[in-house]
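**Q** Chains as they are written, first to last, in this note's numbering: chain R, 1 to 462; chain Y, 1 to 462.
Derived by calculation from the structure, the hints in this document are not laboratory data.
Where a beta carbon is used, it is the ideal one built from N, C-alpha and C, also for glycine.
Heads up, some of the hints might be wrong.
Simulated pairs of lysine-lysine, DSSO-like, Cα-Cα distance not exceeding 30 Å [unchecked claim]: (1) Y/Lys307 x R/Lys89; (2) Y/Lys352 x R/Lys68; (3) R/Lys89 x R/Lys247; (4) R/Lys247 x R/Lys430; (5) R/Lys247 x R/Lys236; (6) Y/Lys352 x R/Lys89; (7) R/Lys89 x Y/Lys381; (8) Y/Lys82 x Y/Lys202; (9) R/Lys430 x R/Lys173; (10) Y/Lys381 x Y/Lys121; (11) Y/Lys445 x Y/Lys352; (12) Y/Lys307 x Y/Lys445.
Some chain R residues judged to face chain Y by a derived CB distance under 7 Å, without partners named [claimed, not checked]: (13) His122; (14) Arg159; (15) Gln160; (16) Gly182; (17) His183; (18) His284; (19) Thr287; (20) Gly303; (21) Ser343; (22) Asp345.
Pairwise CB distance ranges (calculated) [as the list claims (entries may be wrong)]: (23) R/Gly344 x Y/Gly32: 44 to 50 Å; (24) Y/Glu462 x R/Glu423: 26 to 32 Å; (25) R/Ala447 x Y/Arg160: 47 to 53 Å; (26) R/Arg315 x Y/Ala173: 52 to 58 Å.
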Amino acid sequence: MIPPKFSAIEGTYMPMGHTATAEAGSGGLTATEHRLANGLRVVLSEDHLTPVAAVCLWYDVGSRHEVKGRTGLAHLFEHLMFQGSAQVKGNGHFELVQGAGGSLNGTTSFERTNYFETMPAHQLELALWLEADRMGSLLAALDDESMENQRDVVKNERRQRYDNVPYGTAFEKLTALAYPEGHPYHHTPIGSMADLDAATLEDARAFFRTYYAPNNAVLSVVGDIDPEQTLAWIEKYFGSIASHDGKPAPRDGSLPEVMGEQVREVVEEEVPARALMAAYRLPHDGTRACDAADLALTVLGGGESSRLYNRLVRRDRTAVAAGFGLLRLAGAPSLGWLDVKTSGDVEVPVIEAAIDEELARFAEEGPTAEEMERAQAQLEREWLDRLGTVAGRADELCRYAVLFGDPQLALTAVQRVLEVTAEEVQEVAKARLRPDNRAVLVYEPTAPAADDATDENEEAAK
Amino acid sequence: MTELATMEFHPQPQAGEPRPWAFPAPERGALGNGLTVLRCDRPGQQVVAVELFLRAPLDAEPAGLDGVATIMARAFSEGTDKHSAEEFAAELERCGATLDAHADHPGVRLSLEVPASRLAKALGLVADALRAPAFADSEIERLVRNRLDEIPHELANPSRRAAKELSRELFPADSRMSRPRQGTEETVAGIDSAAVRAFYEKHVRPATATAVVVGDFTGVDLDALLDDTLGSWTGSAAEPRPVPPVTSDDTGRVVIVDRPGSVQTQLLIGRTGPDRHDSVWPAQVLGTYCLGGTLTSRLDRVLREEKGYTYGVRAFGQVLRSAPDGTGAAMLAISGSVDTPNTGPALDDLWKVLRTLAEGGLTDAERDVAVQNLVGVAPLKYETAAAVASTLADQVEQYLPDDYQATLYQRLVTTGTVEATAAVVNAFPVDRLVTVLVGDAAQIKGPVEALGIGEVTVVSAE
Numbered sequence: 001m002i003p004p005k006f007s008a009i010e011g012t013y014m015p016m017g018h019t020a021t022a023e024a025g026s027g028g029l030t031a032t033e034h035r036l037a038n039g040l041r042v043v044l045s046e047d048h049l050t051p052v053a054a055v056c057l058w059y060d061v062g063s064r065h066e067v068k069g070r071t072g073l074a075h076l077f078e079h080l081m082f083q084g085s086a087q088v089k090g091n092g093h094f095e096l097v098q099g100a101g102g103s104l105n106g107t108t109s110f111e112r113t114n115y116f117e118t119m120p121a122h123q124l125e126l127a128l129w130l131e132a133d134r135m136g137s138l139l140a141a142l143d144d145e146s147m148e149n150q151r152d153v154v155k156n157e158r159r160q161r162y163d164n165v166p167y168g169t170a171f172e173k174l175t176a177l178a179y180p181e182g183h184p185y186h187h188t189p190i191g192s193m194a195d196l197d198a199a200t201l202e203d204a205r206a207f208f209r210t211y212y213a214p215n216n217a218v219l220s221v222v223g224d225i226d227p228e229q230t231l232a233w234i235e236k237y238f239g240s241i242a243s244h245d246g247k248p249a250p251r252d253g254s255l256p257e258v259m260g261e262q263v264r265e266v267v268e269e270e271v272p273a274r275a276l277m278a279a280y281r282l283p284h285d286g287t288r289a290c291d292a293a294d295l296a297l298t299v300l301g302g303g304e305s306s307r308l309y310n311r312l313v314r315r316d317r318t319a320v321a322a323g324f325g326l327l328r329l330a331g332a333p334s335l336g337w338l339d340v341k342t343s344g345d346v347e348v349p350v351i352e353a354a355i356d357e358e359l360a361r362f363a364e365e366g367p368t369a370e371e372m373e374r375a376q377a378q379l380e381r382e383w384l385d386r387l388g389t390v391a392g393r394a395d396e397l398c399r400y401a402v403l404f405g406d407p408q409l410a411l412t413a414v415q416r417v418l419e420v421t422a423e424e425v426q427e428v429a430k431a432r433l434r435p436d437n438r439a440v441l442v443y444e445p446t447a448p449a450a451d452d453a454t455d456e457n458e459e460a461a462k
Numbered sequence: 001m002t003e004l005a006t007m008e009f010h011p012q013p014q015a016g017e018p019r020p021w022a023f024p025a026p027e028r029g030a031l032g033n034g035l036t037v038l039r040c041d042r043p044g045q046q047v048v049a050v051e052l053f054l055r056a057p058l059d060a061e062p063a064g065l066d067g068v069a070t071i072m073a074r075a076f077s078e079g080t081d082k083h084s085a086e087e088f089a090a091e092l093e094r095c096g097a098t099l100d101a102h103a104d105h106p107g108v109r110l111s112l113e114v115p116a117s118r119l120a121k122a123l124g125l126v127a128d129a130l131r132a133p134a135f136a137d138s139e140i141e142r143l144v145r146n147r148l149d150e151i152p153h154e155l156a157n158p159s160r161r162a163a164k165e166l167s168r169e170l171f172p173a174d175s176r177m178s179r180p181r182q183g184t185e186e187t188v189a190g191i192d193s194a195a196v197r198a199f200y201e202k203h204v205r206p207a208t209a210t211a212v213v214v215g216d217f218t219g220v221d222l223d224a225l226l227d228d229t230l231g232s233w234t235g236s237a238a239e240p241r242p243v244p245p246v247t248s249d250d251t252g253r254v255v256i257v258d259r260p261g262s263v264q265t266q267l268l269i270g271r272t273g274p275d276r277h278d279s280v281w282p283a284q285v286l287g288t289y290c291l292g293g294t295l296t297s298r299l300d301r302v303l304r305e306e307k308g309y310t311y312g313v314r315a316f317g318q319v320l321r322s323a324p325d326g327t328g329a330a331m332l333a334i335s336g337s338v339d340t341p342n343t344g345p346a347l348d349d350l351w352k353v354l355r356t357l358a359e360g361g362l363t364d365a366e367r368d369v370a371v372q373n374l375v376g377v378a379p380l381k382y383e384t385a386a387a388v389a390s391t392l393a394d395q396v397e398q399y400l401p402d403d404y405q406a407t408l409y410q411r412l413v414t415t416g417t418v419e420a421t422a423a424v425v426n427a428f429p430v431d432r433l434v435t436v437l438v439g440d441a442a443q444i445k446g447p448v449e450a451l452g453i454g455e456v457t458v459v460s461a462e
């Protein structure tokens with residue numbers, strides 16, 4: 001299962017591509033860092049292969065900053081950022097960028113909110129002007145009408161992605177199991193319907209005043225740019241926006257290294273097949289152990305030569321699909337996501353026993369040299385993809401700047417993955433990929449929903 | 001109630017000087033075995049993309065064996081005369097490569113992406129797969145079972161279910177297009193290795209195949225590499241295969257696929273129309289974008305940004321199958337999902353948008369912004385080798401000249417408002433649209449009937 005992202009609009013072109021191996025892997029790519037007097041951090045990276053430029057702005061705020069009763073506010077607020085600011089009317093942000101031949105979107109996760117435009121290079125200045133206008137003057141335009149409208153849009157986003165598709169709420173349920181009640185990562189960025197209904201215009205205003213400040217953001221510009229000119233534009237448009245220090249420290253996300261017991265929920269729902277999903281508690285993003293965990297999950301459940309795929313899909317033929325994914329998190333333990341959909345009438349315990357056996361064997365033996373080679377080649381390629389487009393590189397530079405304080409780490413990330421040893425992979429598997437370190441979600445299909453069942457739920461919701 | 005911002009404001013900046021960009025022109029050639037090759041050197045793109053198109057169309061599948069082309073496409077990565085299925089997957093992943101294969105109406109496509117340094121090895125594997133696929137009984141059996149397990153998942157997904165129903169409604173029952181591309185439970189169950197091999201032997205050969213190779217070829221002897229890999233594949237000469245005409249019934253009507261308890265209704269409203277061979281295509285692209293290409297297009301301006309009924313509704317044209325003589329067709333459609341209680345009002349507004357468009361036409365400003373976006377995003381859209389290779393392969397698949405995409409941009413620039421209006425109004429006539437709604441019939445049937453957009457029938461979701 002790939003944890004979903006929450007975007008302003010669906011279907012916006014977010015290129016993911018490739019770059020030169022030599023460049024991406026080492027110092028061939030460069031980035032320079034700057035800081036305005038108001039605290040805005042700026043990262044620039046030149047690349048003249050194509051006449052395009054990517055602008056990416058990360059605000060250090062995500063759903064982990066939300067408070068009880070206001071889940072979903074960070075994401076709802078992200079939508080409001082597209083509803084105009086002092087000099088930009090209505091949907092002007094979209095109209096101007098798209099009319100200039102650019103592409104744009106914004107997304108919200110647990111740890112950050114990002115906004116990005118990819119522009120033909122000669123339209124770069126427009127994107128900077130637009131981002132500065134909303135960073136400095138959103139509240140001049142924010143009104144009840146946008147709030148009510150985007151509340152409805154976001155509720156429909158939630159219905160479309162979660163509530164109206166089979167297994168749609170698995171991510172939400174498993175996250176809630178993996179992080180205890182009250183933990184900042186216990187709820188997902190989409191939030192609950194009740195909280196979305198409860199959010200007020202004043203909540204949105206307060207959110208902006210608290211978190212949307214130049215000293216709580218990183219701006220990266222990547223592509224066919226003149227760095228000096230770009231920096232001058234950034235100074236011109238962003239330089240006069242006041243910084244402020246009212247941001248409360250996020251709630252502590254630290255947890256013991258392992259859960260200590262298995263948490264489990266069985267969902268009886270109208271789904272097409274039984275499913276076994278699990279979330280393992282793994283090391284924080286930015287650590288070498290996290291890279292080792294990434295390799296372990298790739299050997300076990302990435303691609304069609306992985307141990308779980310070979311065992312469950314090819315040999316036992318008990319599953320339609322089986323795989324592992326990694327949700328990297330910096331402010332709380334990362335999660336290793338297991339997702340298996342059963343084949344035919346196969347029962348979940350059969351699958352679970354096979355998985356436990358494979359994980360135990362892996363912890364005992366560690367990866368083979370060939371498995372390490374394959375996993376590293378796959379992760380290397382994924383990194384090349386991420387760094388290979390101007391938009392992908394701009395996003396990674398912001399990520400490392402916001403979460404780890406150093407954008408340069410983005411350019412050397414692939415090297416670090418390649419340096420991890422088989423022993424380190426085995427070590428993390430032994431310590432973390434254990435039954436007492438996971439939250440488990442089991443789906444058992446029911447017959448099509450009867451009408452009275454629906455009514456009961458509606459009653460309960462009132 | 002608004003709030004004054006304190007930042008220093010500047011007027012909206014003007015665009016700089018555009019830097020030239022053109023859609024890349026491929027070099028066309030052929031190998032000794034008759035395989036057509038399109039190559040395109042893209043400096044800096046060290047991850048090479050290879051698209052292989054096999055002209056083995058779905059209408060060539062034997063009666064009662066719908067899905068055999070899909071099973072064959074998947075079986076290409078399940079072993080050869082040199083490697084078992086598990087070994088083949090492992091070897092590919094060792095290259096850091098990904099290989100996708102799927103069958104559609106025009107034929108089968110294999111998409112390989114691999115770092116340039118490992119192109120020779122990965123392409124060697126793919127060449128083995130085409131030259132000497134194992135099609136082992138047990139692997140085909142597994143793929144068939146796996147495919148049967150996938151079908152319930154597809155039927156449970158509202159958008160997949162809608163697409164299936166629209167095809168069944170639009171096309172005559174004896175047309176391959178009326179039936180699911182990947183087969184039904186009934187037809188897939190009848191596929192075995194003999195059927196797969198027979199389809200392969202009859203329809204797959206180098207003389208009717210094309211390889212598109214895009215990436216940075218610095219230091220790569222592409223001629224030798226292609227000769228050593230794909231050049232070793234042999235087969236009989238090409239036999240031209242007639243392309244059956246596409247007919248459809250677009251009498252205005254509504255089909256509700258009943259999905260009790262749905263919190264949203266999935267809409268898919270469509271008919272067939274001209275493909276890229278028709279001179280109207282650029283105007284149709286332009287007009288369709290103005291209708292529903294993005295958040296600021298006519299549909300979302302009302303349905304999302306004014307009413308909040310949806311996360312987004314899109315209009316699009318997608319080629320189904322083309323023919324050398326221009327008798328092919330595209331699917332023209334509007335899709336999205338709206339919340340259940342607002343299904344009637346949303347469709348009412350959607351039809352109003354279409355009527356208003358037919359009565360008043362597009363504005364020059366709308367046309368201008370659309371052209372600027374469609375033409376302006378090209379350099380970003382084609383930043384990666386994979387994107388370029390995919391479009392070049394589409395052109396081959398659709399019997400279009402290699403410079404089609406390049407000239408399309410020139411034609412878009414010279415397409416006027418009147419032409420774009422006529423094209424989109426002809427593409428979406430209010431009384432010739434087949435509407436499929438996947439949702440809770442008990443709640444939506446009455447309101448939809450009241451709209452008078454065609455006879456309403458209800459079918460079960462199965």
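**Q** Are the hints correct? Go through all of them and say.
**A** Going through the hints against the structure:
1. Proximity of Y/Lys307 to R/Lys89 is assessed by CA-CA distance (about 18 Å); at most 30 Å being required, the pair is judged to hold.
2. Using a Cα cut-off of 30 Å, the hinted pair Y/Lys352 and R/Lys68 is violated, with the two alpha carbons roughly 42 Å apart.
3. Restraint check for R/Lys89 and R/Lys247: the C-alpha separation of about 28 Å stays at or below 30 Å, so the hint holds.
4. Restraint check for R/Lys247 and R/Lys430: the C-alpha separation of about 39 Å exceeds 30 Å, so the hint is violated.
5. Between R/Lys247 and R/Lys236 the CA atoms are separated by roughly 25 Å; this keeps the pair inside 30 Å, and the hint holds.
6. Restraint check: the Cα-Cα separation between Y/Lys352 and R/Lys89 comes to about 25 Å, which is no more than 30 Å; the hinted pair holds.
7. Taking the CA atoms of R/Lys89 and Y/Lys381, the gap is near 27 Å; set against the 30 Å cutoff, the hint holds.
8. Among the hinted pairs, Y/Lys82 with Y/Lys202 is consistent with the structure: their alpha-carbon atoms are about 23 Å apart, no more than 30 Å.
9. In summary, the hint linking R/Lys430 to R/Lys173 is supported, as the alpha carbons are separated by about 26 Å, within the 30 Å threshold.
10. Between Y/Lys381 and Y/Lys121 the CA atoms are separated by roughly 29 Å; this keeps the pair inside 30 Å, and the hint holds.
11. In summary, the hint linking Y/Lys445 to Y/Lys352 is supported, as the alpha carbons are separated by about 19 Å, within the 30 Å threshold.
12. For the given pair, Y/Lys307 sits about 21 Å from Y/Lys445 by alpha-carbon distance, which is consistent with the 30 Å threshold.
13. With a cut of 7 Å, the hint placing R/His122 at the interface with chain Y holds, because the nearest CB-to-CB distance is about 4 Å.
14. Here the hint on R/Arg159 is kept, as its CB sits about 5 Å from the closest CB of chain Y, short of 7 Å.
15. For R/Gln160, the suggested interface contact is upheld, since its CB lies about 5 Å from the closest CB of chain Y, less than 7 Å.
16. Taking 7 Å as the C-beta contact cut-off toward chain Y, the hint placing R/Gly182 at the interface is violated, the least distance being around 28 Å.
17. Contact between R/His183 and chain Y, as hinted, is not supported at the beta carbon level, the nearest pair being about 28 Å apart and thus beyond 7 Å.
18. The closest approach between the C-beta of R/His284 and any C-beta of chain Y is roughly 27 Å, which is over the 7 Å cut-off, so the hint fails.
19. Look at R/Thr287: its Cβ only gets to about 24 Å from chain Y, farther than 7 Å, so that hint breaks.
20. Contact between R/Gly303 and chain Y, as hinted, is supported at the beta carbon level, the nearest pair being about 5 Å apart and thus within 7 Å.
21. Annotation: R/Ser343 was flagged as interfacial toward chain Y, and the flag holds, the nearest CB pair being 5 Å apart, inside 7 Å.
22. With a cut of 7 Å, the hint placing R/Asp345 at the interface with chain Y is violated, because the nearest CB-to-CB distance is about 11 Å.
23. Evaluation of the 44 to 50 Å hint for R/Gly344 and Y/Gly32 yields a pass: the beta carbon distance comes to about 47 Å.
24. At about 52 Å, the CB distance of Y/Glu462 to R/Glu423 disagrees with the hint of 26 to 32 Å.
25. A beta carbon spacing of about 21 Å between R/Ala447 and Y/Arg160 contradicts the range 47 to 53 Å that was offered as a hint.
26. For the hinted restraint 52 to 58 Å between R/Arg315 and Y/Ala173, the CB-CB distance of approximately 40 Å leaves it violated.
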